[in-house]
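Student: One letter stands for each residue in the lines below.
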Amino acid sequence: MIQAHGLTKTIDTGIHRVDILKGVDLEIPRGQFAAIMGPSGSGKSTLLGLLAGLDTPTAGTISLDGQEITGLKEDELALVRGRKIGFVFQSYHLISTLTAEENVLLPLELIGNGGSDGRARELLDRVGLADRRDHYPVQLSGGEQQRVALARAFMVRPPILLADEPTGNLDSENGRLVLDLLLSLNRQEGTTLVLVTHDQELADVADRRILLRDGRIV
Amino acid sequence: MTRPPATFKIAWRDLRSSPAKFLFVILAVAVGVGALTGVRSFSRAFHTLLVQQARSLMAADLSLRVFGQSTPQQNAAIAGLEQHGVRDTSVTETLTMANTAAVPEPMLVSVKAIDPAVYPFYGEVRLDPPAALHAVLDSRSAAVSDDLLFRLKTRVGGNLRLGGQDFRIAALLVSEPDRLTGSINIGPRVMISRQGLERTGLISLGSRAAERYLFLLRPGGPDVQQVRNTLKRAFPEGLIADYRETHPIVTRGLERSTTFLSLISLIALIVGALGVATAMHAHLQQKMDTIAILKCLGARSAQVLRIYLAQTLALGLAGGVLGVAFGVVVQRAFPALIGRFFPVPTHMGLDLVPAAQGMAIGVLTTLLFTLPTLLGIREIRPAVIFRREMSEARPDWLRRWSRSRQALGAAAVLLFGIGLIAAWLAGTTLHDSLRIGAYFAGGLLVSLLAIAAVAWLLLRGLRLLVRAWGRALPVALRQGVANLYRPGNHAQTVLVTLGTGVMFTLTVYLVQHAVLADMMQNAPPGMANVFMLDIPGAQRQALLDLLKSRKGIESAPEILSSVAVRLTSVNGVPVEKMGLQEWGRRFLRTRSVTTALARPRETEILSGAWWQGHPEMPQVCASEEAARILHLKAGMDLEWTAGGRMLHSNLACIQRTDSVRMTARFEFIFSPGSLDGFPAILYGSVRVKPRDVAAMQRAIYEKMPTITVINMADVLEIVQQVVDQIALVVRFVSAFTIVAGAIILASSVAGTRFGRVREVVILKTLGATRRRVAGIFSMEFLVLGGAAGLLGSALATGFTALVVKRLLKADFHLDPVADLFAIALTALVAVAAGWLASYRILGQKPLEVLRDE
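Chains A and B are the protein sequences, given in the same order. FYI, the numbering for the first sequence is 1 to 218, going by the numbering used here. FYI, the numbering for the second sequence is 1001 to 1853, going by the numbering used here.
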């Protein structure tokens, strides 16, 4: 369960003040697939970032699985992310110096458990990259990199999965493939999925659509 | 099988992915570690040589240096040792004049009189033609060093006149075992027998000749400690050294030079570490996304920090290992630098102790300087991935304050750490080490701040200049200067590091030359330039008459009597218990004092009063410095000893004398009659027109051959040789800072390779030839190097002016030739280093790069 109350985010660049989010209230029950939509600059990615504890809101509160995260320190937030949140980015964001398998293993290692090669291989198998596990990101296509990122996101069996336009950088065929994998993994693992997208077709598959405009839910 | 953690893989693969960038970082550390390890390895090898060859270097098992005439009790103690089988011989060293028929103008020589039948007990005196010393030296022959033959235009078999007596030059003196531990190393060496010395009459009662006794122990006789104890009791003032230890004076000299050169090497290492910090900063800027991803995936700051800490450690360690290898080369360069004055160790190689120390200091310094950058990792927000503007948002005042507090904290840790490293390298007593460490850290802070400020001003000024002149400047210059401000170029760091190197090396050169020039050309008005030593009392008036009759005399000759006495107590407190430190410890030994009836004109009384006539109780006037060190106040009781006799005196006054006066050489002036009966020697001084000095020397020598006439110009020549040699060693070590600075420039250029490739491609696409592109880059390096040279030489000049005027109280003159040379050389070094790091980019094909984008 994700709960957010009165979320605002303002940035002060020294010259301008920009209000990105203006009091967002949100509740996403466990296991729900929610799609966040809205035009560019409406605050979608910022909202996702705040839900993940990647940044702190200017005002408002967020709790994940009943745990209030708004007042947590940087490292405490990192621990929460490591255990509770899986992430898929538009630009994959794999670590270029690690192989596909090492990238998938990374979240588990970061929470101090380095011995689950089996799970990493199983996930790579499930995304169709069993034979590419020793390849570096640069040796993989965009679609393949995003599939590695998917495997990585599910590695620690997080209760929450956040995805920021996961198909935005892919062609339609690869986009479709990644999306199918994402949804099937989501179903199999029973995760709460929050997905930022511009894709109406994808939003239609979601349990719920959240539309953002000008920093507010409409 | 356990896998290495992904964090370490990231660290390792990161390093492997940019070998060129990190190679320069490793080199920058290696240069400093190399200098440090080289200096300290050589010092250890030299120390080992001193220990292993202690007997040869002393020519004996034990040596005793005495500072006055031996008393009957002391002679009895030596005779007692002889009865127990200990053999001994004495060695006398003194300065005197010598000439030949071909060169009648006498020159200063250092005479060493030995007993050729027994000297040396250990080691070998090498002669040319090869012969045993006792076979060639008798009362009428001498062995001389080759520079004497050259300067007095004579040869082996020829004659030499010494102390008014003729000596046949029997052989060339190639080497003597105890030259290093001997007393006088000025001027060509003349070795004669003791009978020969007696014939010259150079040694009279109270003479300032240096006397050493050498002892040879025999099996079954007293052991070294027993002999030492006996000698210590008989000669409480004597300087005793035995084969179990290194010679105390040589060791002290070695320790001080090692500390000094180690600290200069540390500066080279710090310059290198600054480069590592800059490179790591640039690297972290590039790795911002990776760090943010890791944080998104749940990595804590400490985990991310570990990756880059591991990288820093690996770089420091690699630099350390390479530096140790480099140190072996540096160490081998030292014999070429100092071989003329010292014996050099024959076995030199990798010495594990300085190697380990060098590596540890290399890693520690690297770590300390990267600390602020590494701590900055905590500030990287994971949200950077989503929108960079967030991270660029202006932080609130609380965060800004907290950040600046962290930065200050990191800087304090850094300074404290560097201070501790400097203290470790100083390696003297805890108190002294900490003091040196504190001065070093403080000096470093002030210098770096000053250099950074000037570098900032210089860069700002350049930018304004280019903006103001704009199109009037050639394109290559305009573009070259603009390149200095490219993101990630670190022009200011390069300026600081390269400028520091230039400043250091040039300061050593400028101070050396300013001091020598001042000594050579600008003797203060009224200061004597000719000194006469060992004047027999009977010849005092004859000498004065002779001097007055000579032409070219510019000041009235002064002749003072001097007695060697030792202060034993002040107001009943023994001097040994006064806790004298460093140079103040000279008061534990015999000092030369003089007497005067009336207060000399140039002497100013600071407290107390000068005596009237011939007071019954001996009165003393102490110099301001002696009074400060010994905490003297007028009215105190001072007790003295000389030649076994005690002397009680009252401190009448404390005085200050203009340093150019001869009386300024005496720290204590006694009332007339106080020193009657003590062995006295007479000194004289006079100012003579330089062109008349040689003729006057010759005239005195012909009539009074035992008087040593010292022309300051000759002494200064010797001083210059010694100073030049020392400065050469210091410049050699400080030049490593320039090398480190040049490497940092190369590292900075390598770090901006991506931007440069892109620029080359765009320029080429727009029609620029390789030549044009090369011109732009060359101009960038040239301007950067020139600015660093300018910065370094400006600061070196300022620093030299400060040292010369304030510390040495001498005149300072600008040396524009040296400055211009330094600027030009730095600019060339910068161009070479810049191209070394970027020559491959010129050949880049535009399409390859554009297709990749």
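Keep in mind that the hints were calculated from the coordinates and are not lab data. Quick caveat, the model's predicted, so the values are computed rather than measured. Where hints are given, some of them may not hold.
What the hints assert, rightly or not - Beta-carbon label-pair distances, calculated as ranges:
{"#": "1", "chain 1": "A", "residue 1": "His-16", "chain 2": "B", "residue 2": "Tyr-1439", "range": "44 to 52 Å"}
{"#": "2", "chain 1": "B", "residue 1": "Leu-1473", "chain 2": "A", "residue 2": "Gly-112", "range": "53 to 61 Å"}
{"#": "3", "chain 1": "B", "residue 1": "Gln-1286", "chain 2": "A", "residue 2": "His-5", "range": "32 to 40 Å"}
{"#": "4", "chain 1": "A", "residue 1": "Gly-112", "chain 2": "B", "residue 2": "Leu-1313", "range": "43 to 51 Å"}
{"#": "5", "chain 1": "A", "residue 1": "Ile-15", "chain 2": "B", "residue 2": "Ala-1468", "range": "21 to 29 Å"}
{"#": "6", "chain 1": "A", "residue 1": "Gly-23", "chain 2": "B", "residue 2": "Val-1446", "range": "48 to 56 Å"}
{"#": "7", "chain 1": "A", "residue 1": "Arg-176", "chain 2": "B", "residue 2": "Arg-1758", "range": "18 to 26 Å"}
{"#": "8", "chain 1": "A", "residue 1": "Gly-71", "chain 2": "B", "residue 2": "Arg-1405", "range": "19 to 27 Å"}
{"#": "9", "chain 1": "B", "residue 1": "Arg-1758", "chain 2": "A", "residue 2": "His-198", "range": "25 to 33 Å"}
{"#": "10", "chain 1": "A", "residue 1": "Ile-15", "chain 2": "B", "residue 2": "Tyr-1439", "range": "16 to 24 Å"}
{"#": "11", "chain 1": "B", "residue 1": "Leu-1802", "chain 2": "A", "residue 2": "Glu-74", "range": "42 to 50 Å"}
{"#": "12", "chain 1": "B", "residue 1": "Ala-1356", "chain 2": "A", "residue 2": "Met-1", "range": "56 to 64 Å"}
Note that the Cβ used here is the ideal one computed from N, Cα and C, for glycine as well.
Student: Honestly, which of those hints from before does the structure not fit?
Tutor: Of the numbered hints given earlier, those the structure breaks are 4, 7, 10, listed in rising order.
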